[in-house]
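This is what each chain is made of:
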Amino acid sequence: MSADRAETAARLRELLETEGDSVQANTAVFNRGRYDSVAELDDYEELKDRAREIKEDAIERLPELIDELTESVEENGGHVYLASDAADANRYIEEVFAERGAETLVKSKSMTSEEIEVNEHLERAGIEVTETDLAEFVLQIAEEDPSHIVAPAIHKSRDEIARLIEEVFEPDDPPETAEELTMFAREYLLEKVTGADVGMTGANFLVAESGTMMLVTSEGNARKSAVAPDTHVALAGVEKIVPRFEDLAPFVELIGRSGTGQDLTSYVSLLTPPVESPPIDFESPDVPGFGGSDAEREFHLVLLDNGRMAMREDTHLCETLYCIRCAACSNTCANFQHVGGHAFGGETYSGGIATGWEAGVHGLDSAAEFNDLCTGCSRCVPACPVKIDIPWINEVVRDRINHGRGEGFDFLVDGLVPDAEEGGPDLQKRLFGNYGTLARLGSASAPVSNWIGSLPPARIAMERLFGIDRRRPLPTFRRETLVDWFEGRGGPRVDAVDADREAVLYADAYTNYVAVDRGKAAVRTLEALGVHVRVPEVPESGRAPLSQGMLATADEAASAVYGALAEHVDSGGDIVVIEPSDLAMFRADYEHFLPERSFERLDENSYEVLEYVFGLLENGANEEALRTGDDRVAYHSHCQQRSLNLEGYTEAVLSRLGYDVLTSEVECCGMAGSFGYKSQYYDLALDIGYDLVEQFEQPGERDRIVLTSGTSCTDQLDDLMTREPIHPVELIAPE
Amino acid sequence: MATTHTQGAFERSLAALDVGLSRTDPPGFEATLSELVSEPAVGARLPFEGLGLPETVTLDPSPRELEEAVTGVTAASFAVAEYGSLVLPATEDGSEQVSVFCDHHVAVLAESDIVRDIPTAFSRLSEEVGEARASAIVATGPSATADMGELVRGAHGPKTVDVLLVEGL
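Protein chains in written order, with the working numbering: chain A, 2 to 736; chain B, 648 to 816.
Source of the hints: derived by calculation from the structure; they are not laboratory data.
Treat the hints with caution; some may be incorrect.
Claimed, not checked - Here are the simulated distance ranges between beta carbons: (1) A:50 - B:675: 53 to 59 Å; (2) A:616 - B:663: 51 to 57 Å; (3) A:46 - B:652: 23 to 29 Å; (4) B:759 - A:169: 47 to 53 Å; (5) B:667 - A:45: 27 to 33 Å; (6) A:46 - B:767: 16 to 22 Å; (7) A:99 - B:682: 35 to 41 Å; (8) B:675 - A:180: 32 to 38 Å; (9) A:99 - B:675: 34 to 40 Å; (10) B:659 - A:573: 49 to 55 Å; (11) A:171 - B:682: 51 to 57 Å; (12) B:652 - A:58: 32 to 38 Å; (13) B:775 - A:46: 58 to 64 Å.
Claimed, not checked - Stretch-level coverage of chain A by chain B, calculated; a stretch enters the list once three of its residues show a Cβ under 8 Å from a Cβ in chain B: (14) 135-142; (15) 183-192; (16) 224-233; (17) 288-302.
Virtual Cβ for every residue (Gly too), placed ideally from N, Cα, C.
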C-alpha cells in the first residue's frame with residue numbers, strides 16, 4: 002500500500018473508533034425524523050420544486066438582488082458591506098468593533114463565520130469571542146472544528162462533554178446529565194450575553210425587497226445575541242438572498258425537516274434590522290425600561306463573496322449555491338455516518354455538498370482531502386430539499402482534481418486501457434475506471450486470470466500498485482459470457498411476431514463476464530412473460546469511469562451506448578437493465594453527456610429488470626409462468642435504485658409471487674462499486690457493510706434467502722455473510 | 648374567526664409540543680392569566696383593547712428584573728394551527744426579550760388569530776413583517792437542544808410555554 006493510502010486508512014480507522022459511534026447514533030435520529038416528517042407533507046415534492054425554482058432564479062439574478070438588498074437594508078437604517086474574501090470581511094468586522102470601542106462578542110452558530118475564521122481574527126485583535134450555540138460552545142472550549150454543518154459537535158458524546166466541562170471550568174458540582182450540562186452552559190453563556198458589546202449571527206436567508214433576514218434556530222441563543230447588545234453584525238454568503246418575502250415560505254417547511262427531522266425548528270426569526278426591540282443596558286441593572294439605554298441600534302450586514310460569484314459563473318459548481326445548508330446530504334450518507342465530518346470535510350464544510358463548497362471557497366486542494374469519500378451512491382439526491390445533483394458535483398470536482406494532480410504513472414496504463422483521459426487520474430482510479438476492459442480481458446483469459454488473481458504474490462502486487470486491498474476477494478470471471486451463451490442457445494426463444502414487447506437486455510460488464518447467472522435468469526424470466534429478448538454486445542455505460550471522476554471517458558461511453566441502442570429504441574423496443582448503477586446512468590447521469598432528446602429517449606425506454614417484470618404483470622402477463630413460493634427473503638435494494646424510487650417494484654413483485662419480504666433499512670451497503678476494493682477505504686466499507694449484515698442476521702431472520710439488486714451489494718454481502726446472496730430475478734426465474 | 652377545524656388542529660399541535668393551552672374570555676382574562684403566571688413576572692403591553700396585565704406583571708422591567716423573572720407575558724400576533732407556532736412580534740417595549748429571557752413564556756392569543764398553515768401565515772407575515780419592515784419570531788414550542796446528548800428544553804429560551812387563548816377577541 003502506498004504511504005498516502007496507508008495514512009488515509011489509518012486516519013479513517015481512528016475516526017471509526019473515536020467519533021463514528023456518536024455520529025452514527027445522532028445522524029440516525031435526524032434521518033428517522035426526516036423520513037417521518039417529510040412523509041407527513043402532502044406536497045413535499047412540490048415544495049422542493051418551488052424551493053429549487055426560487056434558488057435558481059435568485060442565483061441567476063444575484064447581482065441585481067445584491068443591489069436591491071443593499072438599498073433595502075440602508076433604507077431601514079443598517080449598513081451593508083460586500084466583502085470580496087475572508088480577509089476583507091474580517092477587516093470590516095474588526096473596524097466595526099474599533100469604531101464602537103467594543104471588546105466582547107457573543108456569536109450564534111454560523112458556518113460562514115467558520116469559513117472566514119472570524120473568531121481567530123477578532124481574538125488576535127484583543128476581542129473576547131463567545132460561541133453561544135451549545136455545540137459551538139463545546140467546540141470552542143475543546144478547541145476543535147465543527148464536524149457537521151448543522152450539529153457541529155455531533156461527534157462528541159455526553160460523557161466527553163461532561164469531562165470537558167469539568168476539566169475546563171472545574172465546577173464544585175460537575176454537571177453530568179444532559180439537563181445539567183445544558184443548564185450549566187445556559188447560566189455561563191447568559192453572563193456572556195449580558196456583558197456583550199456586539200452580537201453576531203449568520204443568516205439562513207436574506208430578503209432583497211425588505212432587508213429581512215431569516216434565522217432558523219432551536220435554542221434561542223441567536224435571538225438573545227441579536228437583541229441584547231445594541232450592535233448586531235450579520236455575516237452571510239451572497240447566495241443567501243431570495244427576492245421576495247413570500248419566497249421564505251417553502252424553506253421554512255423544508256429546512257428543519259431536511260436537517261434535524263423536525264417539522265419546524267423552535268425559532269424562525271424574521272428580523273428586519275435594526276430591530277425595534279430596545280437594547281438592554283446591563284450596566285444599569287436597576288433602571289427600568291431595560292436599563293434605559295438611549296443607544297441607537299446599529300446593524301451591519303456583511304455579504305461575503307469569497308469565490309461565490311465565480312462559482313455562479315461555473316456551469317457545474319453553480320448549483321452548490323442553491324444549498325440551504327441543511328446537512329441532509331451528510332446525514333443520509335453512509336460514509337459520513339461512520340466517520341463524520343472530520344474525515345468527510347475540508348477546511349470548513351463537511352458532507353456531500355462540501356466538495357462543491359470547498360472547491361468554490363477554498364480551492365481544489367481542500368476539496369481533494371475528502372472528495373473520494375463520496376461514492377456516488379446518490380442517496381443524498383432525494384434527500385436534498387433543493388434537488389442538487391450532489392454526486393455529479395463531486396464527480397466533476399474529482400475530474401478536476403485528477404487533472405490538476407497527475408501522478409506521472411500514465412505510461413503504465415496508457416497502452417493497456419482505452420480510456421479518454423489524457424494524463425491526470427492516478428493509477429488506482431484509472432484501473433477501476435476501466436473495469437469494463439479488465440473484465441473483458443479477465444473473461445477471455447479465464448480460468449488463468451482467476452487463478453492469478455487468487456495468488457498471494459499477485460494480490461500483494463495489486464495492493465502495492467493499485468491499492469486493491471488483498472483482503473477483498475476478487476470477482477471470478479466466467480469464460481462464457483452472457484452474450485456468448487445467448488448466441489449459443491440460438492438467440493431469442495420468443496419470436497418477435499408472437500411477442501407483445503421487444504426488449505434488449507443490457508449486458509453490463511458484471512452481468513456479462515462475472516454474474517452471468519443473473520443475466521440468464523433475466524432472459525428466462527422475460528421470455529416466460531412473453532417478451533422477445535435480445536442480448537447484443539453493447540458498450541459499457543460509463544459508470545466505472547464516472548465514479549472515478551474520469552468524465553471524458555464517461556462521456557465517450559454515453560455516446561457509444563446511445564449509438565448502439567438508438568435504433569432499437571426508435572423502433573419501439575425497451576431496454577431492460579439489471580445493474581441499477583447503469584440504469585441510473587441512463588436515467589440521470591446521461592443528462593450531462595447526451596443531447597436532451599437522446600437522453601430522454603434512453604430515459605423513457607429503460608427499465609430496471611424487476612420494474613419491467615412488475616409492468617408486464619400489471620399488464621396481464623401470467624405470473625404463474627414465474628417461480629412462486631412462500632420463501633422468506635431478506636432484500637437489499639441498491640442505493641441508486643432506491644434513489645430512483647424503484648425499490649417498491651421488486652418488493653411488489655416478490656410479494657405478489659408469495660414471498661415474505663424483509664427489506665433492509667440502511668442507506669447503503671458500503672461498497673458502491675470500487676470503494677470497498679480500495680485499500681484506503683476497505684475498513685470503512687466493511688464497517689458500513691456490517692450494519693446491513695446485522696439487520697439480516699437478527700434472530701428469527703437468519704433463515705431468509707438474501708437478495709440484492711446490485712453488483713456492489715452482492716459482492717459486499719457475499720464477503721460478509723455465510724448465506725450467498727442472489728439477484729431477485731434469480732429467485733423468480735423459471736427453470 | 649378560526650374555524651373549529653383549525654382550532655382543533657391548533658390544540659393537537661400544541662399538545663404534541665407540550666405547550667399548555669388555557670381558554671378565557673375578556674372578563675375572566677386577568678384571573679386566568681394570574682393562575683398561569685409564576686412570580687416574579689415581566690411583560691410587554693397587550694395590543695388587545697380592554698385587556699391589561701395584572702399589577703404583578705412588571706412592564707418595562709429593569710435588566711435585573713428581566714433576568715430574575717420566572718414568567719414573561721407577551722401577546723402573539725397570530726398562530727399557525729398545523730404546527731402550533733406562535734408569531735411573536737418584536738416591539739419597542741421589549742416583547743422579544745420578555746418572551747426569550749424567562750423560563751416560562753405565556754403568550755396571549757386572540758381566538759380569531761389562528762391561521763391554518765404556513766402559506767397562509769406567510770402571506771400575513773409578508774404584510775406585517777415584510778412590507779412593514781418589522782421583525783417577528785415564529786416560535787414553535789419551547790427552546791430546545793440536543794447538543795448535550797439528549798433533548799433538553801430551555802437551552803437559552805423558555806423551558807415551558809403556555810398559550811392563553813382569549814375567546815371572543
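Exercise. Is 51 to 57 Å a correct range for the gap between the Cβ atoms of residue 616 (chain A) and residue 663 (chain B)?
Worked result: violated (41 Å)
For this session: Kindly confirm whether 35 to 41 Å is satisfied by the beta carbon distance between residue 99 (chain A) and residue 682 (chain B).
Result: violated (51 Å)
Problem set entry | Consistency of beta-carbon spacing, residue 675 (chain B) to residue 99 (chain A), with hint 34 to 40 Å | violated (56 Å)
Exercise. Is the distance from the Cβ of residue 50 (chain A) to the Cβ of residue 675 (chain B) consistent with 53 to 59 Å?
Worked result: This hint is violated: roughly 48 Å between Cβ atoms.
Exercise. Checking C-beta pairs, does the region 183-192 of chain A have three or more residues closer than 8 Å to chain B?
Worked result: holds (count 6)
For this session: Go ahead and decide if the range 16 to 22 Å is satisfied by the Cβ distance of residue 46 (chain A) to residue 767 (chain B).
Result: holds (21 Å)
Exercise. So the hint says 49 to 55 Å: do the beta-carbon atoms of residue 659 (chain B) and residue 573 (chain A) match that?
Worked result: holds (53 Å)
Exercise. How does the Cβ-Cβ distance of residue 652 (chain B) and residue 58 (chain A) compare with 32 to 38 Å: does it lie in that range?
Worked result: With a Cβ separation near 35 Å, residue 652 (chain B) and residue 58 (chain A) satisfy 32 to 38 Å, so the hint holds.
Exercise. Under a C-beta cut-off of less than 8 Å, do 3 or more residues of the region 224-233 of chain A approach chain B closely enough to confirm the stated coverage?
Worked result: holds (count 4)
For this session: Three residues minimum, CB to CB under 8 Å: does the region 135-142 of chain A make the cut for coverage by chain B? Let me know.
Result: Per the Cβ count (3), the hint holds.
Problem set entry | Coverage claim, chain B over the region 288-302 of chain A, checked by counting residues with Cβ within 8 Å (three needed) | holds (count 5)
For this session: Take the C-beta atom of residue 667 (chain B) and the C-beta atom of residue 45 (chain A), compute their distance, and say whether it sits inside 27 to 33 Å.
Result: holds (31 Å)
When the structure is compared with the earlier hints, violations turn up for hints 1, 2, 7, 9, 11 and 13 and for no others.
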